[in-house]
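Student: Okay, here's what each chain looks like letter by letter:
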Amino acid sequence: MNISKSLNENVKNLKNLIDSDDVFFYNFEISSTSAVAVFLDSLSDKVLIGKQVIEPFKTLDNSFDFQSVLNAVNAPEVEEVLDVNSCAKKVCEGDAIIFVEGFNKALNVKCKKPTSRAVTEPPTSSVLKGPREGFVENLQMNTSLLRQRIKSPDLCIKKYTVGKYSSTTIEIVYISSIANNNIVKAVTEKIKKINVDGIIDSSYIIKCISDRKTTLFRQVGTTEKPDILSAKLLEGRIGIMVDGSPIALTVPFLFIEDFQSSEDYYVNAYRANLSRTLRVLAVIFAIILPSFFVAAQLFHLQIIPLNFLLTIVGSIKGIPLSPSVEMFFTLFIFEILNEASIRMPRYVGIAMSVVGALVLGETAVNAGIVSTPTIMIMALSGICIYTVPDMTETLSVLRILFLIIAGSFGGFGIVLFGCALITYLSDFDSFGVPYLSPYSPIIKNDLQDAITMSFYAEMKRRPASFKPKNVIRKKF
Amino acid sequence: MEKSITSRQLAVITTVGFTITKLHILPASLSHFSKEALWLSALINIAIDFLLLLAVLKISNDAKNENVVLYFENKFGKNFTKVLCFIYALFFMLKTFIPIYEQKNSIELTFYETQPTFLTFMPFFIVAFYIVLKGVRPYARSMEISLWIFILGIAILFLLSSFSGNYSALLPIIPSNFSFLNGSLKSLIWFGDPLLLLFFVGKVKRSENHDKKIITAYITYAVLTIIFLVVFYSIFDTIAERQYYASLKMSKYSISLSDIGRFDYLGAFLLSGINVFQVCLPLIFASILLSYCFNFKNKIIPALIVVLLEFIISILTQNDFFKSLSFIQNYAVYFFIIMTYLLPIIFLLKRRRNGI
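The listed protein sequences derive, respectively, from chains A and B.
Counting from 1, one number per residue, gives the positions in the first sequence under the working numbering.
Counting from 1, one number per residue, gives the positions in the second sequence under the working numbering.
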């Protein structure tokens, strides 16, 4: 619908399109010609509209034209709009629209009031050493945090608006002289194809751009920290930032990334290697240990050392449940405690720990419902699962699956399920990059920063998995 | 366009896949026929296989970017190629019978001493179906991951067993009679693995030193196998011929096991996992060849046929494995020799129809 020369008609049309009480229609005059500024009371910066838009109009004389109105505005982002639908859209995004009697165009002034919490350390990735800044819900702020770290003209930021109702701004960020064009193109195409009602958080984007919609495994990297995003861009990855979400996304994503922490790059390489090895072992323990313990008790007693076997025999005496049911029961209690502790108010937390650890754990053992080794194994598995926080969702499901299989088919069942998992993951690509890279296919250069990492001075080349345009990372 | 695997992946398959199938019944069978000269029998077969490997490498150089089916078509025409592919599909299914049974028995007899067991082995066929369905590329990548597991498993096995042997049991190095030649013939069915590499032709993104990589991998496999056989016989000596599933029994005399339990079973579990992949390789090729022969539109039907047939064979012969093995060693071995050694030579010698 085109903008007409009649101010009243334009206002009426706009009111028909946005039937909302927080839309503010401010009537004023420019040299005795009627004008209306339309903006959202809740989103727009009224002071800015007053001082930088309406006040300068007072300087115009009677013979003003539209260009002089445009020039008079003191705001950096001003453009003309020709149809009412666009006006409505802009108003909803927090801009101000100025209609002037006698002109069949309107003025769009960007004046969204930044509403954002302070930049703080993200709770999901706190570090002992290294930067503590985290992304916030404001996209502009997040972009500035990124720009502060990469002050290069090669840092490309492409904006898209996604979501039929939410009109969420999404930024695809990459370093043009490093990132592979094919990957950039693939990501851009996927973002453009998104056709949903709304993007409330970046996790919606993950679901939309993932190749496998029903998989248990992560296909897109996430980070709340600008330093991590910058490092990943410098390796040749593509970042995606979403307005309203403090979590940035990175693609392509490799399985090995979950085991890497930003702190690994800020501490000594020896310590980093130790930490990464521990994380890998912890993940294996977290998913295999309960199932292996059940399989050993049910099918392969010969695996358990004699002294430990005698301890187990002593502790399971009188316990009515079979080993697998006993482990399931303990896991069930553990998952309930976990679920409750995440959502409960903080002040109940201490009481919950006491109830969980002492009352349930100790009483269950004393009552002869579960054995001490089972509680110990489950506790160890429970702790191990949190050594790689981003994998918690995947690991907790895998642990249950392994447990069912071990209880039914024993150790060989675990082996078979492991084989099926390896095959499944081997068939997985993330934006054309093998998911299990650099171990499958083996990429020699990328093994420098995998489960083990080389010294910083030795990592002279960018990861070859992403086929970057510029391979050399440093020369010394 | 077919998805490709790398030269390195093929090299890993050569080392890991070829070695893993030699760790079960082969050592006991070789000991039965060749006694202390078991390693010599194995060496003869490995040498013969090396010639086969060279032939396969020559064929893959000739074929350039053609896959094996196109290569056959260019030499023999479409109709004969269909017959050839069907026979090879059947051959691969029959060839898999032994490794599946080795796997099944080793699992049942060792891991599940007190349980009713065919049920515990049945999930193997489900996983095999999944692996066959996924095809060559995921298989090759899985084998690359398996390389690390293989190194860990074989290290546990060798560390726990190699110090318990009496190596003088292998003397004299050169035996006075030639029974080891009979041992070679009878154990031939466990060899002939380079034939599998023929069916990778056209699927490999060849690196500059492709042939060198494969030959190095083959030599590594040969060395590992010979060392394994030597350690095996040094431990069991005269009772070696009754020690089926060698990899599961070799380390049980290690004194450390009394403190840490049957830790060696962890190694055995790891190796049994790799065996699952290796058993599936001929089945993958059988499925691909069947698909070509009968123009199946999707991959599910040939994969299902192949795995179901293996399942039925396993059920039918579950109590007669050693009778079946004896039949294969005495009679079917000649069919094996034709399919594995003779036909590739014919492929190599036969000129292309268009004279290229």
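One or more hints might be untrue.
Computed from the model, here is a short list of chain A residues facing chain B with C-beta under 8 Å [to be verified]: (1) 300; (2) 373; (3) 409; (4) 411; (5) 419; (6) 427; (7) 432; (8) 436; (9) 441.
If you're looking for bench data, these hints aren't it; they were derived computationally from the structure.
Treat the numbers as computed from the prediction; the structure is a model and nothing was measured.
Ideal Cβ placement from N, Cα and C applies to all residues, glycine included.
Student: Would you settle whether the hint for residue 300/A is holds or violated, based on the nearest Cβ-Cβ distance to chain B being less than 8 Å?
Tutor: Since the shortest Cβ distance to chain B is 6 Å, the answer is holds.
Student: Would the hint on residue 427/A be counted as holding, given a Cβ-Cβ threshold of 8 Å to chain B?
Tutor: With a closest approach of 4 Å, the residue 427/A hint holds.
Student: Close enough to count: is the Cβ of residue 436/A nearer than 8 Å to one in chain B?
Tutor: Cβ of residue 436/A sits 6 Å from chain B, so the hint holds.
Student: Against chain B, with CB atoms and a cut of 8 Å, does the hint on residue 441/A hold up?
Tutor: 6 Å, holds
Student: Once the shortest beta carbon distance from residue 411/A to chain B is found, is it less than 8 Å?
Tutor: Holds. Min distance 6 Å.
Student: Hold the hint about residue 419/A up to the distance rule: shortest CB distance to chain B must be less than 8 Å.
Tutor: 5 Å, holds
Student: Identify whether the interface hint at residue 432/A stands, where standing means a beta carbon of chain B within less than 8 Å of its own.
Tutor: Since the shortest Cβ distance to chain B is 12 Å, the answer is violated.
Student: Hint residue 373/A vs chain B: min CB-CB distance below 8 Å?
Tutor: 14 Å, violated
Student: Please check whether residue 409/A passes as an interface residue: C-beta within 8 Å of a C-beta belonging to chain B.
Tutor: 5 Å, holds
In summary, the numbered hints that this structure violates are 2, 7.
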